[in-house]
Amino acid sequence: MQAPREGTAACSPLGQGAGAWKEKELPRAAFPLAYLHCLLAPVKEANEQAKLQVEGGFLIPYIIMLVVEGMPLLYLELAVGQRMRQGSIGAWNTISPYLRGVGIASVVVSFFLSMYYNVINAWAFWYLFHSFQDPLPWSSCPLNSNLTSYDEECEKASSTQYFWYRKTLNISPSIEENGGIQWEQALCLILAWLVVYLCILRGTESTGKVVYVTASLPYCVLIIYLVRGLTLHGAINGLAYMFTPKIEQLANPQTWINAATQIFFSLGLGFGSLIAFASYNEPSNNCQKHAIIVSLINSSTSIFASIVTFSIYGFKATFNYENCINKVILLLTNTFDLEDGFLTPGNLEETKDYLASAYPTEYSKIFPDIKNCSLESELDTAVQGTGLSFIVYTEAIKNMEVSQLWSVLYFVMLLMLGIGSMLGNTAAILTPLTDSNTISSRLPKEAISGLVCLISCAIGLVFTMEAGNYWFDIFNDYAATLSLLLIVLVETIAICYVYGLKRFENDLQVMTGCKPNWYWKIIWAFVSPLLIIGLFIFYLTDYILKGTLQYQAWDATQGQLVTRDYPNYALAVIGLLVASSTMCIPLVALGTFIMNRWKKGKTVSV
Amino acid sequence: MSSLRTKGKEMRDIYLNEIILKGFYSDRMLVALLPALSLVTVIHAQLCQPGAKDAFKVRLSLKTALGDKAYTWNENEEYLFKAMVAFSIRTFSSREKIEISNVLLCNVTKRVSFWFVVTDPSENQTVPAGEVQGAIRMNRNRINNAFILNDQTLEFLEIPATLGPPTEPSTPIWVIIFSVVFCLVIVGIVLLIVSGIRQRRRKSKASTEMTDVEDKCETMVTIENGIPCDTLDSKEGRTNRAFAAGDEKLTPL
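As given, the protein sequences belong to chains F and A, one line each in that order. Here the working numbering is used: the first residue of the first sequence is 1, the next is one more, and so on. Here the working numbering is used: the first residue of the second sequence is 1, the next is one more, and so on.
Some hints here could point you the wrong way.
Result set (DSSO-like, lysine-lysine): computed pairs, CA atoms no more than 27 Å apart in a straight line [to be verified]:
1) K445/F - K205/A
2) K445/F - K156/F
3) K69/A - K365/F
4) K69/A - K110/A
5) K69/A - K57/A
6) K82/A - K53/A
7) K69/A - K371/F
8) K327/F - K97/A
9) K97/A - K69/A
10) K371/F - K327/F
11) K203/A - K445/F
12) K371/F - K110/A
13) K57/A - K352/F
14) K371/F - K203/A
15) K327/F - K156/F
16) K57/A - K365/F
17) K289/F - K521/F
18) K502/F - K515/F
19) K327/F - K205/A
20) K352/F - K365/F
21) K53/A - K209/F
22) K289/F - K156/F
23) K57/A - K97/A
24) K352/F - K371/F
25) K53/A - K110/A
26) K110/A - K365/F
27) K82/A - K327/F
28) K352/F - K246/F
29) K209/F - K445/F
30) K352/F - K63/A
31) K110/A - K352/F
32) K97/A - K82/A
33) K97/A - K63/A
34) K327/F - K63/A
In short, the hints are calculated from the structure, not lab data. Keep in mind the model is a prediction, meaning the values are calculated, not measured.
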């Protein structure tokens, strides 16, 4: 399951807060910037998209899925919000009281998201604080105990991987070995929560001001990085790789599924934020135009961020490729005592053949060590999950000049995006609490926010243990994915079949003055539900075929990731995560049904 | 005429004999000296061989290190090398009698690489490998500098270089920056909470003053067409019962 979530939450900052229950607290000026955050979601996903491209052909399925899935669902959510003029729970309540669970499920998903998402900010803080050293701590390996060579684990892996897995996470070999809490990470996590608390302390009024900074700064950094990235040696290779479609990968259904999931999360569908955004619009606002513009800006930001990512990726791959070639040259020069400087990348191949024929015995001895260096394979190396942001970028940054500056810029940008996302998540949890009279009458706003931050921070300390990264991956992969798919599926079916597509169409015509044309209607009624059901079936069959869910564990002795099976209690936690948000929908429907029966029974008996 | 010829022949014969005899004598000298000379070279050749006891291989990468400014490896450079090794052994190993001629070099390739071994004339054998290794390790920096090379470009195979650990300040830098940011955030939070409390106190004071004014206002009710309008409760919002969802029948598609 590779649905990227780092982009999702970025799209839902203020919407969730306002979206859940109340409307009026959101200052109008912050609203377009909240949209901006939605558009910045792709910045983080550019990292994920690098992985997409790495698995083959990205632009074509991405654009097709955007047109077929992204735009229509975005239009749907905006239209619902504009029509119902309420946040997500209220809007679904209006459509049908049985569907109130949809809004509640969104809030539950936000709660899970806020629990684990701040750990990313903690890591970003850790790297940011370490970026002020010269040389950067991840640029070289530490020495072993007798100072004769480098640390063994670091030699087998690379120095950036060592810094991530050993110095930052101090990761244990498997999820069963819990280890203790890493105090450095715990401190950074506490700091991250304090920063979030500082921003949400005063409620959405202060959040609005913070969004100005957190939304605009990443764009500036991205532009700076674009200029730097394109001037790097080897960036062209990365860009060429990004833009050349791989025809054989297009035939692979996995590519299309990844693109569909990608679009899904990049637009932030299913969080209720879009409904909330749209509820502020004038009823006569042309939300169709809005939807198209937003998704186009979203995808162009996506492509812009991908250009930056791929140019840096190309630089890293070219650097590693040239290193590899130099290592082979050194090996051959030393073994055959050739003149220093005789072997160049140009004559390497023919010299290898000559040596193989002239000195077959010695050549066969060193043959296993001669790696076939290829730029393609360097570009193809995929890194999983959050590792991409921290390992690949730091590896590229350490080879740039003035690497401290680039490192600080990059992690500041990552922090801005992360904190922006966290603001929305916590606002989503806080608004129902501050609105309910029982709690808000007893405790002031600041105390409620403080309590929420404290509880989430305490739970988040689990992710700072030695096995914490494995639990983080569980939350990252399973907390939001299936639930959001289900929420959007229910939304589409609710609008088309429960509320009535004709009725919805008429509402839109009354509101905006133009009817949605046949393209939208067909996609809402048939294509999107089928697509989402298809995604569901795919994930389920994937799970059934594999038999059990697996994860990547870091093996310190080999210096690389190995695949292991989840133990039973981890599977139970996964099941609980998925069930607790998806079950909201049927349970609330059932509850409403029973309440109505009971009420009817009461009125009849009276 | 024939007598002349015979005389010439005789002269030639004598001449040839002289040469042969001379050669015979010089050969003899050579043959006498040969064992002595060959003994020395053979001993040297035996001591300094690839893989010999107490011998080390050295590898230089001049072009990689110096590029265009690379010097050519010739006998003078070899002399310098022998001098550095002899110096190291004299200083760090307590053998005071080692001379430059005791350091033997052989098998110089174009790489540039060669083997060397150190002999001790007083004991008439090679200096043990451990001593040579220790002496060179201690003096590695000066040897490197003499050739304007570094640990990677002047390699002594089987003599690992002592790598310099990165300098660590007494307080890690990240702790300093972390503390600064932490304090700033705490100060910010405290300021906001305190100002929030103050604002609330001011509001509650103002509202107690306002309640007297409001008591009079409450009696003012908007009247339209003789029907009093309900005052809007701005906090709660207003549900329009005309749109009550309730038991509404679900519409078909």
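Checked hints:
no., hint, in the structure
1, K445/F - K205/A, "19 Å, holds"
2, K445/F - K156/F, "52 Å, violated"
3, K69/A - K365/F, "35 Å, violated"
4, K69/A - K110/A, "17 Å, holds"
5, K69/A - K57/A, "24 Å, holds"
6, K82/A - K53/A, "18 Å, holds"
7, K69/A - K371/F, "31 Å, violated"
8, K327/F - K97/A, "42 Å, violated"
9, K97/A - K69/A, "36 Å, violated"
10, K371/F - K327/F, "9 Å, holds"
11, K203/A - K445/F, "15 Å, holds"
12, K371/F - K110/A, "25 Å, holds"
13, K57/A - K352/F, "24 Å, holds"
14, K371/F - K203/A, "75 Å, violated"
15, K327/F - K156/F, "15 Å, holds"
16, K57/A - K365/F, "20 Å, holds"
17, K289/F - K521/F, "16 Å, holds"
18, K502/F - K515/F, "10 Å, holds"
19, K327/F - K205/A, "78 Å, violated"
20, K352/F - K365/F, "14 Å, holds"
21, K53/A - K209/F, "77 Å, violated"
22, K289/F - K156/F, "54 Å, violated"
23, K57/A - K97/A, "24 Å, holds"
24, K352/F - K371/F, "12 Å, holds"
25, K53/A - K110/A, "24 Å, holds"
26, K110/A - K365/F, "22 Å, holds"
27, K82/A - K327/F, "30 Å, violated"
28, K352/F - K246/F, "31 Å, violated"
29, K209/F - K445/F, "18 Å, holds"
30, K352/F - K63/A, "21 Å, holds"
31, K110/A - K352/F, "18 Å, holds"
32, K97/A - K82/A, "14 Å, holds"
33, K97/A - K63/A, "35 Å, violated"
34, K327/F - K63/A, "16 Å, holds"
Violated hints for the displayed structure, listed by number in ascending order: 2, 3, 7, 8, 9, 14, 19, 21, 22, 27, 28 and 33.
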